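So the protein lines, in turn, are chains A and B. For the first sequence, the UniProt record's numbering gives the first residue as 1, with consecutive numbering after it. For the second sequence, the UniProt record's numbering gives the first residue as 1, with consecutive numbering after it.
Honestly, the hints are just simulated from the structure, not real lab data. For clarity, every value in this text was computed on a predicted model and none was experimentally measured. Treat each hint with caution, since some may be false.
Computed list of chain B residues with no C-beta within reach of chain A, every gap over 12 Å [said to hold, decoys possible]:
#, residue
1, Ser26
2, Asp117
3, Phe324
Calculated Cβ distances over 12 Å to all of chain B for the following chain A residues [unchecked claim]:
#, residue
4, Ser74
5, Asp120
6, Ser131
7, Pro141
Stretches of chain B that chain A covers, calculated by requiring three or more beta carbons in the stretch to come under 8 Å of a beta carbon on chain A [as the list claims (entries may be wrong)]:
#, region
8, 146-158
9, 248-262
Virtual Cβ for every residue (Gly too), placed ideally from N, Cα, C.
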Amino acid sequence: MTASRETESATEPGAAARPVPVPDDLSAPYWAAAAEHRLVLARCSACAAFAIPPDQICPHCHSTTPGFAFEPVSGRGRVRSWTTIRQAFLPGFDRHVPFVLVDVELVEQEELRMVGRLLDGPDAPVRLGASVRAAFEDIAPGVAVPAFVLEGAR
Amino acid sequence: MSGRFAASNKVAVAGYAHSDVRRHISRPLGALALDTVRNAIADAGLRPEQVDGVVAASLFPTSGSHAAADGVSTVTAGWLAQRLGTDPRYVSSFQGIGQIPGAVATAVNAIAAGAADHVVMFRALHNPVGRYHANTMREAAGIDQWTVPQGFFGPLSMIGLPYNEYLQRYGADRESMAAVVVEARKNGARIPWSYWYERPLTTEEYLAAPMISDPVRRFDCDIPVDGVAAFVLTSAERARDLPHRPVYVSGYAGGASAARRLPLHWPLDDIMTGGEATVRRLFEHAGVKPEEVDLPQLYDGFSPFVYFWLELLGFCPRGEAHRFVQDGRIDADRPDGLPVLSGGGALGNGRMHGVPQMLECYLQLSGRAGERQRDRATVAVACQSSPHYGGAVVYSAAPF
Ligand SMILES: [Zn+2]
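Extracted from the complex, chain A is given alone in its bound form (with noise of 0.2 Å):
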């Protein structure tokens, strides 16, 4: 399990830090659980439909009031694209180039899908279809980032 537990080192002299999440009223529980390296989602309380991100309005039964909470998934998926990044636009990347993310389906709901880092490297055996499960980075002190690594490729 080294992958999901894989540490920034953002602390060494002279590297940048990643941006931070700031968590709000509405992604707190999503960040909470992120730093204990757990993946929930928000679900619509109304129609039972998972949404990435939550909003406002339900993008699925279009409730005005979705009172969307969050529930624990299986972090489990099939990947749909993915694409390997060579420059870094933002702090705290240039160190990681280049790197592969992934566009994953979750297999709690059709087209549910999320985008992260594939932590395997940028050789790895990445193809339509592969399976994938979440593994979380840990950027800053209480703070982790939801990524991916590629299922049985260790």
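Model the placement of chain B with the ligand on the given structure of chain A, informed by the hints.
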């Protein structure tokens, strides 16, 4: 009841002007825009005081840490109208994606409604100093918190994901795209104001350029520039008394409401499903059939959009565009070639955001394309942005 617009072919383009397109122009963008607007008004055979409508497409499209300053990095209709020295009665800026179709629609609606008789519509693009999309943010708040912390940011990953989805799904080679980019640069190299004037690109050069967001190579992306273009639109009746042959606006459509996703997450199926709706509305509104289009100017701000528009407009089956573009079939110099980038597009001119597509439709249909003039150019389509978020306009050389 027909879906055709009541104002179909009731409004026409009567003139244009275009500034030089350069990485950085030493003059302020606002001054350049005002000069270009005045040149367009003169080109249409009008005096500034006859132009009573000003419409702009004013989005400043960057993910970088650049503040938008009116008159400097963007020019709104209000900024320009205030400095035109006249008193236009209709002033409106279109802010959405698909800026040129959106601004054309605003101008057409104003003229059809009688809110203005003569509208000057312009787009001013700015390339700020520093890296165009680099962002120094240390904290990701609001909508950014869902993408930025994991490094999903900016338009290169936005297009890299659906482009790779296309390649993987249809077994296409990324080398096939050379045909699109080389064609755009060949045509752009012939346009005097183009950033790429006299600088065509070879297939070898395309393939030798580095990947920047695989499978997106450097020359799959248009280059950010400073540049302004302006067009004058008026009623079809008034246009017939002006010096140049009118080009009629038959209809337009914009992407309506794509599925809600993460910011800049544009899965291939979203693009194509939303694009189908855009194209269906476009042809209904314009009252033409896809097979009547002989000048489809496709959007190419990122080259994969050419594949998507080709398939959606019905020029080839789904998943076949990468084969369709080979063997000179989109070569505008061949009599049997489909002229999809004859105006050079954004890849051949610089990041002019839909202007090259609209301008080529205007120049060809008004008979003003010079050495590029085609024998047959009667119904044209100018596309902009992604088919699911942007839009398109149908132009006709004759009212029908
Ligand atoms: Zn709902």
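Examine the region 146-158 of chain B for residues whose CB is less than 8 Å from any CB of chain A, and state whether their number is three or more. As far as the region 146-158 of chain B goes, the hint holds, because 11 residues have Cβ atoms under 8 Å from chain A.
Closest CB of chain A to the CB of B/Phe324 still more than 12 Å away: holds, 22 Å
Interface-negative label, A/Ser74 against chain B, beta-carbon threshold 12 Å: holds, 19 Å
Quick one: work out the minimum CB distance from A/Pro141 to chain B and report holds if it exceeds 12 Å, violated otherwise. Its Cβ never comes within 12 Å of chain B, the nearest being 15 Å, so this holds.
Was A/Ser131 rightly flagged as not at the interface, with every chain B Cβ beyond 12 Å? holds, 16 Å
Do three or more residues from the region 248-262 of chain B put their C-beta atoms closer than 8 Å to C-beta atoms of chain A? holds (count 4)
Run the C-beta distances from A/Asp120 to all of chain B and say if the shortest one exceeds 12 Å. holds, 15 Å
Taking the closest pair, is the beta carbon of B/Ser26 still more than 12 Å from chain A? Label holds. Min Cβ-Cβ 27 Å, cutoff 12 Å.
Checking a non-interface call: every C-beta of chain A should be farther than 12 Å from the C-beta of B/Asp117. Is that right? holds, 41 Å
Hint check: no violations occur; every hint is consistent with the structure.
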